[in-house]
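Line order of the protein sequences matches chains G and C.
The numbering of the first sequence is the working numbering, which starts it at 1 and goes up by one.
The numbering of the second sequence is the working numbering, which starts it at 1 and goes up by one.
There could be a bad hint or two in this list.
[Stated by the list, open to error] Pairwise CB distance ranges, derived in the manner of DEER restraints:
#, chain 1, residue 1, chain 2, residue 2, range
1, C, Arg34, G, Gln104, 28 to 34 Å
2, C, Gly175, G, Leu134, 54 to 60 Å
3, C, Asp136, G, Ala78, 28 to 34 Å
4, G, Gln104, C, Leu109, 38 to 44 Å
5, C, Arg250, G, Val358, 36 to 42 Å
6, C, Gln93, G, Pro81, 37 to 43 Å
7, G, Phe123, C, Asp145, 25 to 31 Å
8, G, Pro103, C, Ser44, 57 to 63 Å
9, C, Arg250, G, Ser245, 30 to 36 Å
10, G, Arg230, C, Gln93, 31 to 37 Å
11, C, Leu109, G, Pro103, 21 to 27 Å
Calculated from the structure, these hints are not laboratory results.
Since this is a predicted model, take the numbers as computed values, not measurements.
Using N, Cα and C, we set each Cβ at its ideal position, and we do this for glycine too.
Take a look at the letters that make up each chain.
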Amino acid sequence: MTVASTNPRLTTRAIGDDTLVTLMGDWITKDDGGAADSAAATAALFDRKDLKVIKFDSSRLGRWDSSLLVYLSAVRDAAAPRSIRVDDKGIPVAARRLLALLPQQQAEPSAAPPGRPMFVERFGSRAIAQWCELVAVTVLVGGQLLQSGAALLGRARMRRVDFVGCMYDAGIAALPMVALVNVLVGAILAFVGAIELRRFGADIYIANLVGLAQVREMAAVMTAIVMSGRTGGAYAAEIASMQGSNELDALRVLGIPLQDYLVLPRVMALTLMTPVLYLYGSAIGILGGFGVAVSMLNISPELFMAQTRSAVTMHEISFGFTKSLAFGALIALAGCRIGLKAGRSASDVGHAATSAVVVSIIGIIMLDAVFAVCANALDI
Amino acid sequence: MDHEHQEPVLQVQGIAVGYGDQGIQHDVSFDVKRGSIFAIMGPSGCGKSTLMKALIGLLRPSAGALRFGPEDYWALDQGRRDDFGRRFGVLFQGGALWSSMTAEQNVALPLQMFTHLSGAAIDSLVQLKLSLVGLDSGRRSMPADLSGGMRQRVGLARALALDPQILFLDEPSAGLDPIAAKRFDDLIVQLRDGFGVTVVMVSHELPSLFGICDDGVFLDAATHTAIGHGAPSVLRDSSDNPTVHAFMRRELPAGNEKPA
Numbered sequence: 001m002t003v004a005s006t007n008p009r010l011t012t013r014a015i016g017d018d019t020l021v022t023l024m025g026d027w028i029t030k031d032d033g034g035a036a037d038s039a040a041a042t043a044a045l046f047d048r049k050d051l052k053v054i055k056f057d058s059s060r061l062g063r064w065d066s067s068l069l070v071y072l073s074a075v076r077d078a079a080a081p082r083s084i085r086v087d088d089k090g091i092p093v094a095a096r097r098l099l100a101l102l103p104q105q106q107a108e109p110s111a112a113p114p115g116r117p118m119f120v121e122r123f124g125s126r127a128i129a130q131w132c133e134l135v136a137v138t139v140l141v142g143g144q145l146l147q148s149g150a151a152l153l154g155r156a157r158m159r160r161v162d163f164v165g166c167m168y169d170a171g172i173a174a175l176p177m178v179a180l181v182n183v184l185v186g187a188i189l190a191f192v193g194a195i196e197l198r199r200f201g202a203d204i205y206i207a208n209l210v211g212l213a214q215v216r217e218m219a220a221v222m223t224a225i226v227m228s229g230r231t232g233g234a235y236a237a238e239i240a241s242m243q244g245s246n247e248l249d250a251l252r253v254l255g256i257p258l259q260d261y262l263v264l265p266r267v268m269a270l271t272l273m274t275p276v277l278y279l280y281g282s283a284i285g286i287l288g289g290f291g292v293a294v295s296m297l298n299i300s301p302e303l304f305m306a307q308t309r310s311a312v313t314m315h316e317i318s319f320g321f322t323k324s325l326a327f328g329a330l331i332a333l334a335g336c337r338i339g340l341k342a343g344r345s346a347s348d349v350g351h352a353a354t355s356a357v358v359v360s361i362i363g364i365i366m367l368d369a370v371f372a373v374c375a376n377a378l379d380i
Numbered sequence: 001m002d003h004e005h006q007e008p009v010l011q012v013q014g015i016a017v018g019y020g021d022q023g024i025q026h027d028v029s030f031d032v033k034r035g036s037i038f039a040i041m042g043p044s045g046c047g048k049s050t051l052m053k054a055l056i057g058l059l060r061p062s063a064g065a066l067r068f069g070p071e072d073y074w075a076l077d078q079g080r081r082d083d084f085g086r087r088f089g090v091l092f093q094g095g096a097l098w099s100s101m102t103a104e105q106n107v108a109l110p111l112q113m114f115t116h117l118s119g120a121a122i123d124s125l126v127q128l129k130l131s132l133v134g135l136d137s138g139r140r141s142m143p144a145d146l147s148g149g150m151r152q153r154v155g156l157a158r159a160l161a162l163d164p165q166i167l168f169l170d171e172p173s174a175g176l177d178p179i180a181a182k183r184f185d186d187l188i189v190q191l192r193d194g195f196g197v198t199v200v201m202v203s204h205e206l207p208s209l210f211g212i213c214d215d216g217v218f219l220d221a222a223t224h225t226a227i228g229h230g231a232p233s234v235l236r237d238s239s240d241n242p243t244v245h246a247f248m249r250r251e252l253p254a255g256n257e258k259p260a
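With the rest of the complex left out, here is chain C (with noise of 0.2 Å):
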């Protein structure tokens, strides 16, 4: 599929993110193409995931836009941003399932919060979704009895509980072995063929990166902004910035004694 003439479902406009005084990122901009997987790059630290936040409606970023469409965001008052926020689904790191309620009572949650169906079709809807997902086992035990993949599973069926338009996923395979982990990487690409959704992931595991992300943004820990733009293989093959290079080849930066 050709993403490039396509619109951009979600803008970044010269977004800084921070806690307090302490900025993060700043001026960090880029355009994430309907049905593309985007990676948000970079090494540990550098504020991928807080940018993450901005970008899921946790964090109010200090300046710069975010669009959905013609609305900006954080312009929205907390009603609208609800809205919104209902055609997102997060996987967030170790997939923060609520730990009180068994899998399929944590996929089954924004069903009943959100629609008025009735328990049968909820409870077709999440066997549904436990089973696209890959879980065969283990859906009526707690999180604590869970395995980290099939936590990570469940997590993302609890993202596309509600049919997102967006699913963000933070390091989702982070964590899992490299078979679980290529399993996952394919399971994602199936559910955005198949579903058509936009997937924005938070990731420094190069495989995944080269393996699915056909666009990205690279941030730097040092400069506190984005120093690269593209697909990951591509910021390989071609990026001349020499952190991009090195993060990209796995190797250390070239006369660069000052850890980043």
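Extracted from the complex, chain G is given alone in its bound form (with noise of 0.2 Å):
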């Protein structure tokens, strides 16, 4: 059907009071637009000062379609306030009923957005939403504390099948991925050390670096920050997307507690998990350092591993232990929280996603240097 269309024209002739339009050509929406060629045409038309009706005559008009409607409706609603009569007998039937269909003046879009509000203004409103923000980032962490106090009493309204499915995916399923890190980890810091402590003789310091190092400060870390991005994102983006489709309202109709049923699983499942990977993390990156070591740097084996055990006490995986923990219940609060709060939009779920993980990176890096300031003071 390639019909080869000519350009929408027409013609405007005065007869006594009236003025005549021709229309003549394909009025077809197209690239060059005849829609806006009409703009100007319209405003031609009302130059005239003694113009009283405007009579139309399609007998010429080829094919046509809304950019003739754009064209009449335009006119249309030109001539009204002048107090100009529109005879549209000459109109093609169709369009005629389309043009019915039209209101008379085109509904005024809608009042421009307001400006911007002043400084103040904006500072308070911004304060205000923090506050609020804070004051129920507080409601949440304590609902949860005491909610897994009642859980651990099996007494919340908790499905055991939502926690084991949670625990699978913080944890047996994140093995590979925290392996991966922490092994290269390990080796880095083994590769880095090798090259300073070498030329003071001190290689199987090497040992000592690699394991304080890990144990107290990357395994957590790491194993954090891979745990925010594959699970804390995906918290946020799975509650909001619930949020679009009306599901978290049919749970909150049912009387089902969001906090018990969608936050307390996942964060008891991230806050225990996360520490178990970073036990797992620590050996792994340990082994990473291990394998550096022997095979590049000739330190025999049993003497990395009698090294490593005096440089690593029991002091030393409880601190980093108790970071994990942190962490985990960090990147889970703070994924659920960003989920929950999130709009309706498909765009507001990957917001949701991004500033989960981002959250929770910044949170975990904060934290880390709390602890680390806390462990100066301390002596730890």
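Hey, can you piece these two chains together into the complex? The hints should help.
The structure is reproduced here in structure tokens:
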């Protein structure tokens, strides 16, 4: 169906008080746009001061679509306030029907968006929003603390199957990624340390370096970052998309508390599994350092193990373990909170996932700094 | 208008649709005449929407041909199919509006993607389409803030954005109150008369079917094929198939205990 189409054209002719508009050609929405040209034509039509009636002749009109309607409705709307009558007899019947569907005056575009509020106003509303968020987070954290107590006694409205599913997701399913990241970090630490230590003939202290760094810092932080990317973001996206499809409302009406049903299993699972993953990550990281030390730096395996055992004490492990507990809770709470307050559109889901990961990672680093300062002050 | 003598704009010839090995409908054939309002009818779960997916290019049928004029749609390559697709307007169930755009932006997107019109020209077309479907307020609202009926209207305006030749409607009046449904039905008729567009609609709302459809096909869930052809009111009055008869009269099938 490739009928060559001609451009929309029109001529106007004055007959007494009337103006006759003759429509010609094909009025088809095209790239060069009949609609745009017709705006100028409409304006020209109303130059005549003594105009009373506008008539149309469409006997030479070809094919037409919406662009003809755009023109006709523009003429009609411009004629109304000037009390000029539009005689629609000459318009094709079908177009007349469609024109009748259009309200006389095109709906005015709604009021322009309000201008930028004053600084004080913006500052105030920001502060109030921050305060509300702080309260909401406090309520969430407090509620989770109380509820996890209840859950341990088997009294929370949380399904065992959800909890086990979350444990699997946040635990076993994360093992390969945690292992990969930690083995590489351990190996990198060994490489970097070896170059310096060798200059002092202190090769063997590579075991201390890798062991301490992994157990105190790297394993905990790297594992938490991995978990915030793969699990925290997923929590936020999942809860946000439930928001979009009214699933959260369905839970609310049934009287199922979101805190118990959705948040609690996730927070408990991640808080319990992150320290376990930390222990696994520490061991794997030391293994990575061990591999590099033994194969490339000619340190005997027995010596490396003995040195590691003397450097890494129970003390260090419990320090890293405690940090991981805090990181796990932080990631899960941030993910769930951001998911719960997300909007309902598709892009809101994306925003929720992104901001959950960003908030978690920044939170992890800040919390780690707090731990470091406290450890220093308490001489741990 | 007499549609009996008009050439078919869409011919469905022995089409079979299904997911994987699971056949949903087979040997379905019908012609859709230019300017008609064609109903795809049938009980819930019979595969109405699945058949429609094959018609609008979302699901390749496992057998049969779908002809627009001389061309077999599914035998064309992807690029040609896309060209064809631009002549379709589709209103999905519930509107399927893009949730992160306002009503206006939803209607403007097809125009921005497929024409080189100026922003002002696109805007005037968008306002026209939204006025045509009777959306007088909430043009700058997000879909989540619109009512079901308004979302449906925006969906229709979006389907009309590129002035399609065939308009596919999936359950257009589902979820609307009787008055809103009647208004929407009238709107479909007015748009058909105005633009001369051909309408293919999936529906099981009897008032809509009798009110506006002048041709149709009835799909059966038990035998997985078409068991009735013709306008809904004709099927109601003259079909001797017990399922079609019961469906059209909103009765329980006589002597048929087994739910379809």
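field: Supplied distance hint 38 to 44 Å, evaluated on CB atoms of Gln104/G and Leu109/C
entry: Since the Cβ atoms of Gln104/G and Leu109/C sit about 28 Å apart, the hinted range of 38 to 44 Å is violated.
- prompt: Is the hinted range of 25 to 31 Å satisfied by the C-beta distance from Phe123/G to Asp145/C?
  reply: 28 Å Cβ-Cβ, so the 25 to 31 Å window holds.
query: Holds or violated: 30 to 36 Å for the Cβ distance of Arg250/C and Ser245/G?
result: Holds - the Cβ-Cβ distance for Arg250/C and Ser245/G, about 31 Å, lies within 30 to 36 Å.
- request: Hint says 28 to 34 Å; check whether the CB-CB distance for Arg34/C and Gln104/G agrees.
  value: holds, 32 Å
- request: State, for the Cβ atoms of Arg250/C and Val358/G, whether the hinted interval 36 to 42 Å holds or is violated.
  value: At 56 Å between Cβs, range violated.
- prompt: Taking the CB of Asp136/C and the CB of Ala78/G, does the distance hold inside 28 to 34 Å?
  reply: With Cβ atoms ~20 Å apart, the hint is violated.
query: So the hint says 37 to 43 Å: do the beta-carbon atoms of Gln93/C and Pro81/G match that?
result: Between Gln93/C and Pro81/G, where Cβ atoms are some 42 Å apart, the hint holds.
task: Could you see if the CB distance from Leu109/C to Pro103/G stays within 21 to 27 Å?
output: Holds: the Cβ-Cβ distance is about 24 Å, inside 21 to 27 Å.
field: 31 to 37 Å as the expected CB spacing between Gln93/C and Arg230/G, which holds or is violated
entry: Distance hint for Arg230/G, Gln93/C holds at roughly 34 Å.
query: Does 54 to 60 Å hold as the CB distance between Gly175/C and Leu134/G, or does it fail?
result: violated, 40 Å
query: Within 57 to 63 Å or not, the Cβ separation of Pro103/G and Ser44/C?
result: violated, 37 Å
Of the numbered hints given earlier, the model fails hints 2, 3, 4, 5 and 8; all others are met.
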